[in-house]
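Undergrad: Residues per chain are reported as follows:
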Amino acid sequence: MKGKLEPSVRQALVEEGKSLKEGLVALEEDLVHLTDKLQQEAQCIPNTTHPDAPLGSEENSVLRRMVGSPREFSFAVKDHLQLGKELDLFDFDAASEVSGSKFYYLKNEAVLLEMGLINWALAEVSKRGFTPLITPEIVRSSVVEKCGFQPRGQNTQVYSIEGSDQCLIGTAEIPVGGIHMDSILSEPSLPLKYVAYSHCFRTEAGAAGTATRGLYRVHQFSKVEMFVFCRPEDSDRYHEELIGIEEDLFTSLGLHFKTLDMATGDLGAPTYRKFDVEAWMPGLDRYGEISSASNCTDYQSRRLGIRYRPSPSDPSPASSKKGKGSTPAQFVHTLNATACAVPRMIVCLLENFQQEDGSVVIPEPLRPFMGGLHVIPPTSN
Amino acid sequence: MISSGYLGGTTLHTLTLAPSLCRSAFLRSPLKTLTLALVTNPHRHHPMLPMPSILRAFSSPAVPTASLATQEGKVTSKPQWKAAIDFKWIRDNKDVVAANIKNRNSSADLELVLELYEKFLSLQKEVERLRAERNIVANKMKGKLEPSVRQALVEEGKSLKEGLVALEEDLVHLTDKLQQEAQCIPNTTHPDAPLGSEENSVLRRMVGSPREFSFAVKDHLQLGKELDLFDFDAASEVSGSKFYYLKNEAVLLEMGLINWALAEVSKRGFTPLITPEIVRSSVVEKCGFQPRGQNTQVYSIEGSDQCLIGTAEIPVGGIHMDSILSEPSLPLKYVAYSHCFRTEAGAAGTATRGLYRVHQFSKVEMFVFCRPEDSDRYHEELIGIEEDLFTSLGLHFKTLDMATGDLGAPTYRKFDVEAWMPGLDRYGEISSASNCTDYQSRRLGIRYRPSPSDPSPASSKKGKGSTPAQFVHTLNATACAVPRMIVCLLENFQQEDGSVVIPEPLRPFMGGLHVIPPTSN
Numbered sequence: 001m002k003g004k005l006e007p008s009v010r011q012a013l014v015e016e017g018k019s020l021k022e023g024l025v026a027l028e029e030d031l032v033h034l035t036d037k038l039q040q041e042a043q044c045i046p047n048t049t050h051p052d053a054p055l056g057s058e059e060n061s062v063l064r065r066m067v068g069s070p071r072e073f074s075f076a077v078k079d080h081l082q083l084g085k086e087l088d089l090f091d092f093d094a095a096s097e098v099s100g101s102k103f104y105y106l107k108n109e110a111v112l113l114e115m116g117l118i119n120w121a122l123a124e125v126s127k128r129g130f131t132p133l134i135t136p137e138i139v140r141s142s143v144v145e146k147c148g149f150q151p152r153g154q155n156t157q158v159y160s161i162e163g164s165d166q167c168l169i170g171t172a173e174i175p176v177g178g179i180h181m182d183s184i185l186s187e188p189s190l191p192l193k194y195v196a197y198s199h200c201f202r203t204e205a206g207a208a209g210t211a212t213r214g215l216y217r218v219h220q221f222s223k224v225e226m227f228v229f230c231r232p233e234d235s236d237r238y239h240e241e242l243i244g245i246e247e248d249l250f251t252s253l254g255l256h257f258k259t260l261d262m263a264t265g266d267l268g269a270p271t272y273r274k275f276d277v278e279a280w281m282p283g284l285d286r287y288g289e290i291s292s293a294s295n296c297t298d299y300q301s302r303r304l305g306i307r308y309r310p311s312p313s314d315p316s317p318a319s320s321k322k323g324k325g326s327t328p329a330q331f332v333h334t335l336n337a338t339a340c341a342v343p344r345m346i347v348c349l350l351e352n353f354q355q356e357d358g359s360v361v362i363p364e365p366l367r368p369f370m371g372g373l374h375v376i377p378p379t380s381n
Numbered sequence: 001m002i003s004s005g006y007l008g009g010t011t012l013h014t015l016t017l018a019p020s021l022c023r024s025a026f027l028r029s030p031l032k033t034l035t036l037a038l039v040t041n042p043h044r045h046h047p048m049l050p051m052p053s054i055l056r057a058f059s060s061p062a063v064p065t066a067s068l069a070t071q072e073g074k075v076t077s078k079p080q081w082k083a084a085i086d087f088k089w090i091r092d093n094k095d096v097v098a099a100n101i102k103n104r105n106s107s108a109d110l111e112l113v114l115e116l117y118e119k120f121l122s123l124q125k126e127v128e129r130l131r132a133e134r135n136i137v138a139n140k141m142k143g144k145l146e147p148s149v150r151q152a153l154v155e156e157g158k159s160l161k162e163g164l165v166a167l168e169e170d171l172v173h174l175t176d177k178l179q180q181e182a183q184c185i186p187n188t189t190h191p192d193a194p195l196g197s198e199e200n201s202v203l204r205r206m207v208g209s210p211r212e213f214s215f216a217v218k219d220h221l222q223l224g225k226e227l228d229l230f231d232f233d234a235a236s237e238v239s240g241s242k243f244y245y246l247k248n249e250a251v252l253l254e255m256g257l258i259n260w261a262l263a264e265v266s267k268r269g270f271t272p273l274i275t276p277e278i279v280r281s282s283v284v285e286k287c288g289f290q291p292r293g294q295n296t297q298v299y300s301i302e303g304s305d306q307c308l309i310g311t312a313e314i315p316v317g318g319i320h321m322d323s324i325l326s327e328p329s330l331p332l333k334y335v336a337y338s339h340c341f342r343t344e345a346g347a348a349g350t351a352t353r354g355l356y357r358v359h360q361f362s363k364v365e366m367f368v369f370c371r372p373e374d375s376d377r378y379h380e381e382l383i384g385i386e387e388d389l390f391t392s393l394g395l396h397f398k399t400l401d402m403a404t405g406d407l408g409a410p411t412y413r414k415f416d417v418e419a420w421m422p423g424l425d426r427y428g429e430i431s432s433a434s435n436c437t438d439y440q441s442r443r444l445g446i447r448y449r450p451s452p453s454d455p456s457p458a459s460s461k462k463g464k465g466s467t468p469a470q471f472v473h474t475l476n477a478t479a480c481a482v483p484r485m486i487v488c489l490l491e492n493f494q495q496e497d498g499s500v501v502i503p504e505p506l507r508p509f510m511g512g513l514h515v516i517p518p519t520s521n
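Protein sequence lines correspond, in order, to chains A and B. Going by full-length UniProt numbering, the residue at position 44 of the first sequence is 44; the numbering climbs one at a time, nothing skipped. Going by full-length UniProt numbering, the residue at position 301 of the second sequence is 301; the numbering climbs one at a time, nothing skipped.
Rather than coming from a laboratory, the hints here were simulated on the basis of the structure. Being a predicted model, the structure only gives us computed values, none of them experimental. Don't take every hint at face value.
[To be verified] When the alpha-carbon atoms are kept at most 25 Å apart in a straight line, the in silico BS3-like pairs for lysine-lysine are as follows:
no. : chain 1 : residue 1 : chain 2 : residue 2
1   : B       : K94       : B       : K177
2   : B       : K398      : A       : K193
3   : B       : K88       : B       : K218
4   : A       : K127      : B       : K177
5   : B       : K102      : B       : K125
6   : B       : K82       : B       : K218
7   : B       : K140      : B       : K177
8   : A       : K85       : B       : K142
9   : B       : K161      : B       : K142
[What the hints assert, rightly or not] Sample of chain B residues with no beta-carbon within 10 Å of chain A, all distances over it, derived:
no. : residue
10  : E128
11  : K144
12  : S159
13  : G196
14  : F213
15  : E254
16  : I278
17  : E373
For glycine and all other residues, C-beta sits at the position ideal for the given N, C-alpha and C.
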């Protein structure tokens with residue numbers, strides 16, 4: 001219609017344009033709805049699975065490594081709750097009144113224990129080249145979803161803030177994953193390795209059964225978390241590195257534990273492969289999970305929008321410019337692993353290192369982080 | 001790394017509350033609170049208020065946990081808990097109370113409270129009279145009676161019962177309304193507290209002087225950027241404004257400050273605590289905060305009656321809720337570490353930059369439960385500890401006796417510490433020490449049983465002859481509010497080369513770090 005036209009020809013074109021436009025608007029609307037529906041359905045598809053991951057339900061998980069053996073006690077073993085009561089370390093009753101069940105106060109040497117564990121874990125992992133972080137504990141619910149959690153599902157683990165789109169984090173994995181949201185990282189900057197300390201909040205809705213006693217399952221706890229952003233070809237290697245760090249940490253404290261390659265039935269949607277560490281807890285007379293190391297490959301990065309620009313193989317200036325000729329950005333891989341989940345560690349330390357006289361010995365690596373404390377003495381009642 | 005401070009634990013002798021040992025819930029608070037200067041007190045409580053122009057929303061406590069529409073269509077709130085308010089004392093000292101209310105700019109309606117109290121008393125008398133009559137009728141019916149006499153008595157009994165039920169209902173409503181109105185009355189004021197608005201606060205002490213810089217001073221945000229210590233931008237995307245990540249040496253700084261503060265205060269005889277950060281909203285109210293008021297500082301959890309704490313004062317105050325403590329166990333002194341969450345709704349103005357005003361921060365808080373006669377003394381002790389701590393770090397600061405215009409409803413007297421922040425080119429509040437006397441304890445239900453003066457076994461038994469329980473006094477004071485301390489440390493100890501020197505007392509708690517070096521960019 002740009003040139004000079006006969007009025008009747010122009011009119012016919014105008015009509016045709018209008019009818020095309022109407023058709024287009026309708027189709028574009030359909031496209032939006034379809035895209036939304038496609039997203040909604042496709043987001044339910046879980047991450048792929050590592051070829052070596054064991055198939056089946058949790059019992060099919062495979063033992064990767066066993067360190068130490070259950071300590072033999074020459075006296076009656078107490079569980080952490082009883083030790084806590086006798087040593088005046090916790091108060092669950094007062095917390096129940098003030099906050100509700102599964103909340104607690106830590107007191108006296110338990111405060112030193114928590115601070116010591118956090119300080120020790122941060123120091124140990126920092127010196128292995130991880131950047132220390134302290135993170136927000138309130139985040140937008142969209143970030144929670146992009147990490148692969150479901151803030152508003154039934155039996156959700158996530159606390160929401162009233163009157164806002166914000167939630168409390170259940171793990172520092174969320175704010176750390178979010179730190180590079182909607183970014184393109186340069187290849188030389190990878191891997192980015194963070195060790196993050198935060199409090200974590202979990203509703204534990206739907207957690208029934210006996211494994212809820214005392215510090216084993218609580219609504220609020222401190223955790224030191226490792227997080228890695230890396231190139232896809234490197235994620236298996238960093239998964240091994242992360243589980244190696246965990247095993248070193250727990251071995252150094254003298255814990256007896258086993259590392260499991262978790263079966264597919266136990267993997268959450270984001271997880272390509274997961275290694276769990278279960279430590280021996282004599283008071284519970286069984287193994288309890290103290291840590292988890294997951295490789296999420298590009299599941300989270302595709303949702304959080306985190307990519308990197310691979311360095312071009314041709315080093316000439318022309319090809320290192322953005323735009324035509326530069327390599328397209330790829331999605332990074334993300335991994336997360338627990339360095340130290342404080343309450344479960346406290347359970348392990350109290351129950352494993354209790355003495356016949358009621359005292360508890362502090363493992364050597366923690367002592368410098370606890371003002372030199374060697375032992376929690378029995379209280380003089 | 002914490003030096004082993006207070007080991008061995010404190011055995012707490014808590015007695016479970018014996019029912020109806022103290023028939024009167026309205027115990028007299030001791031003589032301490034009788035003398036009142038004419039003071040002003042606006043309607044707010046703000047533990048961390050830095051700027052004079054910022055109005056806080058920690059108003060007087062309300063009781064709105066459940067709202068009911070009245071017959072007249074007005075929405076009233078049914079109190080879910082009762083404060084043990086001394087109505088008789090208020091009535092007997094109404095002029096003094098009225099003056100205090102006026103001078104603290106409270107909107108409490110004293111006339112209404114007194115009116116409701118009188119109605120309550122006469123209604124209560126009426127109910128008791130009816131109950132007595134009903135008992136008489138019941139007793140009369142015990143013997144052998146003529147059928148017609150019995151029938152008359154039955155009718156009388158029934159009519160008395162109906163009347164009683166109606167009156168008892170009225171009594172409940174009246175009690176609720178009385179509570180609602182009376183809870184608005186602010187705490188009494190220390191006679192020495194300065195009158196007036198915040199500018200009338202009086203300087204108690206000045207330590208040090210502003211450092212002279214031979215180079216251009218940077219503020220903490222610029223230092224943080226250059227030393228790669230914070231990230232506000234990423235946090236803004238992930239969480240929203242006024243959130244932040246701490247990185248690298250700032251993580252060491254935060255951990256160092258917390259560990260140091262816990263160690264320093266523990267060794268002064270305080271029991272260390274780590275507390276829940278989610279609490280029932282009723283506990284928040286009982287401490288004198290208003291979780292659901294307009295411009296509230298309090299985050300609420302969706303689908304629950306729980307809130308996030310804005311200070312460890314709340315879970316620590318709650319730790320002895322509804323208890324009777326023994327006198328020998330007092331004072332109970334706690335040093336508590338927690339994260340704190342504040343909406344900062346209504347905080348306008350320039351004092352919001354960077355770490356100065358944030359939604360989430362770490363704080364080490366001191367809390368004391370003591371006998372009434374001791375609270376002034378412990379108030380001095382708490383401010384003394386704070387001054388020692390800040391002096392030891394080499395900070396320049398001033399301690400202020402806050403004027404009545406700045407006292408929140410629970411506060412009898414408040415001392416604030418303001419430290420010099422060269423990057424902001426002014427003083428900023430880093431800590432606050434408040435004596436709440438029995439305001440919180442009357443709401444939290446925390447009493448103690450004074451040891452009897454007569455040591456004979458007979459008088460030390462509970463029941464007849466033992467001394468009635470009294471309400472404790474509570475005090476709270478900031479040992480260390482981490483972000484503001486970080487502002488102080490970075491801005492005051494920056495060097496010309498861009499590095500920051502770590503004060504000596506913190507170094508053992510930061511792995512021996514002496515200085516944050518300038519980044520090699």
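Undergrad: Of the numbered hints stated previously, which ones are contradicted by the structure, given in increasing order?
TA: Of the numbered hints given earlier, those the structure breaks are 2, 3, 4, 5, 6, 7, 8, 15, 16, listed in rising order.
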